[in-house]
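Trainee: With chain Y's structure known, arrange chain S on it following the hints.
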Amino acid sequence: MTQSPLVLKRAIKAVTDFSSLFILLAVLAFFTAITAAAGDQYLTLSRISVILNQACFLTVIGIAQALALLTGGINLSIGSVMALTTVLWGRMLVGNAPDAVHYIIPVLLVVGTGMLIGLVNGLLITKLGMPPFIATFATMYACRGLAWLALGKKVIYNLNGDFRYLGTGVVARLDGFSLTVPMFVVLILLVATSFMLRRTNFGRQVYFTGTNAIAARFSGIRTDRVLIWVYVLSTGLAAFAGLLYGARLNSFEPGMAVMAPFDAITVALIGGIAMSGGYGSIWGILCGSIIVSIIYNGMNTLSIASELQTLVMGVLIIFAVAFNQFLIKRNMELRNELDERTASR
Amino acid sequence: MGKLLEFRNISKTFPGVKALDDVSLDLNPGEVHVVVGENGAGKSTMMKIISGVYAPDRGELLLDDIPLGRNTPKIAEQHGIAMIYQELSIVPELSVMENIFLGHEIRRGILIDRKAMDKRAEELLASIGVKVSPGTLVKNLSIANQQMIEIAKALSKNARVIVFDEPTSSLTDAEIKELFRIITALRGKGVGMFYISHRLEEIFEIGDRITIMRDGRKIATAPIAEMDMGKVVEGIAGRRIENVFQRHFPAKGEILLELKDLCGERFQHVNLNVRAGEIIGLAGLVGSGRSEVVRAAFGIDPYSAGEVLVRGKKMPRNNPQRLAHEGVAFLPEDRKREGLALSLSIRENAVISALRRLNPLTIVDGRRERATVRDFVRKLGISSPTIEKLVHFLSGGTQQKVVLAKWLITEASIFIFDEPTRGIDVGSKSSIYSLMDELVGLGAGIVMISSELPEVLGMSDRIYVMAQGRIAGEIDREEADHVSVIQLAFSQTSASQGRSLQ
Chain Y
98 MTQSPLVLKR AIKAVTDFSS LFILLAVLAF FTAITAAAGD QYLTLSRISV ILNQACFLTV
158 IGIAQALALL TGGINLSIGS VMALTTVLWG RMLVGNAPDA VHYIIPVLLV VGTGMLIGLV
218 NGLLITKLGM PPFIATFATM YACRGLAWLA LGKKVIYNLN GDFRYLGTGV VARLDGFSLT
278 VPMFVVLILL VATSFMLRRT NFGRQVYFTG TNAIAARFSG IRTDRVLIWV YVLSTGLAAF
338 AGLLYGARLN SFEPGMAVMA PFDAITVALI GGIAMSGGYG SIWGILCGSI IVSIIYNGMN
398 TLSIASELQT LVMGVLIIFA VAFNQFLIKR NMELRNELDE RTASR
Chain S
3 MGKLLEFRNI SKTFPGVKAL DDVSLDLNPG EVHVVVGENG AGKSTMMKII SGVYAPDRGE
63 LLLDDIPLGR NTPKIAEQHG IAMIYQELSI VPELSVMENI FLGHEIRRGI LIDRKAMDKR
123 AEELLASIGV KVSPGTLVKN LSIANQQMIE IAKALSKNAR VIVFDEPTSS LTDAEIKELF
183 RIITALRGKG VGMFYISHRL EEIFEIGDRI TIMRDGRKIA TAPIAEMDMG KVVEGIAGRR
243 IENVFQRHFP AKGEILLELK DLCGERFQHV NLNVRAGEII GLAGLVGSGR SEVVRAAFGI
303 DPYSAGEVLV RGKKMPRNNP QRLAHEGVAF LPEDRKREGL ALSLSIRENA VISALRRLNP
363 LTIVDGRRER ATVRDFVRKL GISSPTIEKL VHFLSGGTQQ KVVLAKWLIT EASIFIFDEP
423 TRGIDVGSKS SIYSLMDELV GLGAGIVMIS SELPEVLGMS DRIYVMAQGR IAGEIDREEA
483 DHVSVIQLAF SQTSASQGRS LQ
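Quick mapping for you: the protein sequence lines, in order, are chains Y and S. Using my numbering, read the first sequence as starting at 98 and increasing by one per residue. Using my numbering, read the second sequence as starting at 3 and increasing by one per residue.
Excised from the complex, chain Y in its bound form (with noise of 0.2 Å):
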């Protein structure tokens, strides 16, 4: 066997594992290309800074969203538990109120009610045998119809200040480029998730779960605790969403984010997760983020209509997701393959 095909391989099991970031480029290329043919630069400091704090709030969710992934089943109660959870103790919140408690106690109470909603879904999907997608399609109205029951028509606004600091904090600024709290939130939220699923035993049990209930079953694996406990994550990183969306935004109400548990999926998608579960890396989710950011930022620039954005979207979508299957494959037998070639040698 000659040498150059081997580096040949090599380079494209590489691309294969990084797909998400080539992605990326291209996209970065596609719109630096065409603001440059209108005689302006793209990428300038401050855009990316713009584009990066964006892709913070898409990165909570995507992660939230991966998790359900991961094991095979979907989250749709984002959105809505976004909602509910900082209606029900957003009023806690607010500005100069003279009983003020400390911000910590409403934001530990909001991801608490949202990680008591994540019980409920893992209850109805393992112990009433519901589909992921029907469960938390049903969660996902009732906890919109409760978010409109606990406040009706109104809406939560001027926020605690330093409260607010959470989703507007800027730690340091260079030129044009802000530094915010929020990157630092998601990159300590990034870490963490990767470690739990890449370096501890409920990690590997989610991965061997998600590729195949029945052997995880057949192993001694717990799998119904497995389950239950990736929703409790995934629903209560949705309501820690919900205060990143709602300090940004200085105001809490219960129709907001009802998009959220699909642009999760978008972003879960674009980044590599394989919906059947099983597949996919968590920084893959950071590339899908600011892949979708960029498309939106970027469409915004050339002030495309957000009709036309949506539809852009979904053809996006089409093509990230066929190319990710193709990927997925390849990556296999190339991974396959070169070890193979590695031991004959």
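Hints listed in this document are in silico derivations from the structure and should not be mistaken for laboratory results. Every value quoted in this text rests on a predicted model; they were computed, and no experiment measured them. Misleading hints may appear alongside valid ones.
Calculated pairs, DSSO-like style, for lysine-lysine (alpha carbon to alpha carbon, straight line, at most 27 Å) [claimed, not checked]:
| no. | chain 1 | residue 1 | chain 2 | residue 2 |
| --- | --- | --- | --- | --- |
| 1 | S | Lys-159 | S | Lys-141 |
| 2 | S | Lys-76 | Y | Lys-426 |
| 3 | Y | Lys-224 | S | Lys-338 |
| 4 | S | Lys-121 | S | Lys-191 |
| 5 | Y | Lys-224 | S | Lys-316 |
| 6 | Y | Lys-110 | S | Lys-338 |
| 7 | Y | Lys-106 | S | Lys-20 |
| 8 | Y | Lys-426 | S | Lys-20 |
| 9 | S | Lys-141 | S | Lys-179 |
| 10 | S | Lys-20 | Y | Lys-110 |
| 11 | Y | Lys-426 | S | Lys-50 |
| 12 | Y | Lys-426 | S | Lys-338 |
Mentor: Leaving out everything else, chain S in the frame of chain Y:
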């Protein structure tokens, strides 16, 4: 009379593997041509070239002495080539008739002519002597009858060449007899058949000629009358295999696993036990409730009454993790579906049941994990260049060893093997047998379900035979032979007279 089908100097290379190397062989009308070889010897590739799934790199395929040229599954089908695969390709929710004519329905105008199809289906079934009504839903049939439907389907397309790929791997002895009767009938009709099997006993019964494959090459083709078992095994393995069932008999210890009066949907009042140092064979026909009993005992399926005791301790129901925790290991019959996560690596599969033991603080210790897995890969002789190889790409025998590694790493001491060697090549088979022997030597107890009588007789200390959901009898190694086991397996128990197969 000309040849029905001929392989002329065919080679086929896959990246890194020479799957077929200059192979020539032929098939006469009305002949059963047996093809044997280990997994990966090239049998499947050969059959896939016949059925048009693969194109050969070199050489040609001739049909009726005429080169076929381009071949695709569609073209092969038009030429009357049909495949009966190990995994059946029928639709359980459709009727027998609908399955037979799936994709080539008889039409009258634009409408499907159900009446004509019913009639034709009945003729076809009668011609091979199968007593099944065309209206029956296929899911209600036994595996054996489902296979007959596949054969009827092939005949409905006027098949002249039929390839049987491991047709008997999930059939009982009685069903195999029935299949052989049909094959004999087909032979009389001038149909040429390739017959691939790992069960060497049966090829002498059914074959006319035999071709032995090894590593993509043809080792020999000869009339079956000129071969014997020793020559075949030697040809397959490339070495002489003395006795595959090597057993040592250690002193028996305490009772490790005991089922007391276990009752469930498909089995009643099952009592059995296994001691340390013992291999228990669980024999019986397919559908006699063997698998169902052990699945329930391990906690996969529910049971309605009775107890499961591990070392005298009563186990909860529906709780496989508890059983696993108590040192019980389950090696399911369907490895791909129930034993492995195919798209994960050997390493990720091998440690999955022992995570808590390996990483008590829940954080994965990568170095320890790799060392442990490498250790077991070496001990079990798992042939793979790296432990990162995806299980998907391993052969059946190697996959079974990965499942075994998974349980050995948990330090299990009670092993339930459900058909441990099904679909596994001869070489891996004998290494699995010697592993089982080694395990009981170390004080483990094994329950082995098997449909292969030689395996049951060769490996077991004691044999429980099930018939219609009950233990029909228990036989010691010394008294067990083919006759005594088969008699019990076919025995009718009065309480189960009411239960009949549809």
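Trainee: Now tell me if each hint is right for this structure.
Mentor: A quick look at each hint next to the structure:
no.: 1; hint: S:Lys-159 / S:Lys-141; in the structure: 22 Å, holds
no.: 2; hint: S:Lys-76 / Y:Lys-426; in the structure: 25 Å, holds
no.: 3; hint: Y:Lys-224 / S:Lys-338; in the structure: 26 Å, holds
no.: 4; hint: S:Lys-121 / S:Lys-191; in the structure: 21 Å, holds
no.: 5; hint: Y:Lys-224 / S:Lys-316; in the structure: 24 Å, holds
no.: 6; hint: Y:Lys-110 / S:Lys-338; in the structure: 26 Å, holds
no.: 7; hint: Y:Lys-106 / S:Lys-20; in the structure: 19 Å, holds
no.: 8; hint: Y:Lys-426 / S:Lys-20; in the structure: 22 Å, holds
no.: 9; hint: S:Lys-141 / S:Lys-179; in the structure: 22 Å, holds
no.: 10; hint: S:Lys-20 / Y:Lys-110; in the structure: 23 Å, holds
no.: 11; hint: Y:Lys-426 / S:Lys-50; in the structure: 21 Å, holds
no.: 12; hint: Y:Lys-426 / S:Lys-338; in the structure: 18 Å, holds
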